[in-house]
Amino acid sequence: MTPGAYDAVILAGGAARRLGGVDKPALRVGGRALLDRVLDACRGAGRTVVVGPRRPTVRPVRWAREQPPGGGPVAAVDAGIRQTTAPVVLVLSADLPFLTPETVEALLTGIEDAEGAVLIDSDGREQPLVAAYRAEPLRREIALLATEHGGLGGLPLRLLVSELALARLQHPTASFDCDTWEDITTARARIREHGNVLDEWIAAVKAELGIDLDVDTAALLDLARDAAHGVARPAAPLTTFLVGYAAAQKGGGPEALAAATEKAAALAVRWAEER
1 MTPGAYDAVI
11 LAGGAARRLG
21 GVDKPALRVG
31 GRALLDRVLD
41 ACRGAGRTVV
51 VGPRRPTVRP
61 VRWAREQPPG
71 GGPVAAVDAG
81 IRQTTAPVVL
91 VLSADLPFLT
101 PETVEALLTG
111 IEDAEGAVLI
121 DSDGREQPLV
131 AAYRAEPLRR
141 EIALLATEHG
151 GLGGLPLRLL
161 VSELALARLQ
171 HPTASFDCDT
181 WEDITTARAR
191 IREHGNVLDE
201 WIAAVKAELG
211 IDLDVDTAAL
221 LDLARDAAHG
231 VARPAAPLTT
241 FLVGYAAAQK
251 GGGPEALAAA
261 TEKAAALAVR
271 WAEER
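Note that my numbering gives residue 3 to position 3 of the sequence shown, counting from 1, and the numbers run on in steps of one.
Each computed DSSO-like pair below joins lysine-lysine, with the alpha-carbon atoms no more than 30 angstroms apart: (1) Lys206 x Lys250; (2) Lys263 x Lys250; (3) Lys263 x Lys206.
Cβ-Cβ distance ranges computed for the label pairs, FRET-style: (4) Gly70 x Ala228: 51 to 59 angstroms; (5) Leu221 x Ala26: 27 to 35 angstroms; (6) Leu238 x Thr173: 32 to 40 angstroms; (7) Ala259 x Glu163: 52 to 60 angstroms.
Note that these hints are calculated values from the structure, not bench results. For every residue, glycine included, the Cβ atom is placed at its ideal position computed from N, Cα and C.
With the hints as constraints, model all of the structure from the sequences given.
Listed below in structure tokens is the structure:
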């Protein structure tokens, strides 16, 4: 979907009673706040509206509050969508540690002729706060509910989406949310698993440094290995640092990084051959 073709509404209020009332969106998984992880996944949105108390975020957002405060998810969606203008709105909770840009893209393309696309969890249940909706049908249902019930406070989310024609996508990992301390512990452990830890760490470092760059992890690891074995162990981190610096001096970007990596790797091979 082209940039700006969708907006994002992220629900970051709620009392988090099962977490003892802590500020759940600020809890960290993999060194990053849950809210920041969600914001990173939908960074292609034209507008991003966070419904909840203001707090520091990894990128600028618009803020909104549901009426009344604490009025529940339907009121929160209403507050957020009032500030959007795109024809498609991504609606997300702020506690999705494994949501990725790829999953967001799948939701956006999965709408097709439907009025929305929603993720299905591992138990086959719809997750309406991990979904993309066409804005006009969503506004229509909000208006009908407000008229029927005299307001939106306290209404369950199923009333909002039950009349919409939805496409359903299976993705149990991306739909994993953190409602309890056990969920937080599970998420923190999962990102440290062997198959995930490097990708998670690279993503965290890029977010922390404000870098939006595709990293060829395999090439950099090969370079570090060759420098360590062919020169000396401390050469590995120093070489990769210098490669990054050289790429930045050439304007940055994947091409500059790849060129610097290739040159340094060839040097490491020549150095090792002299032994």
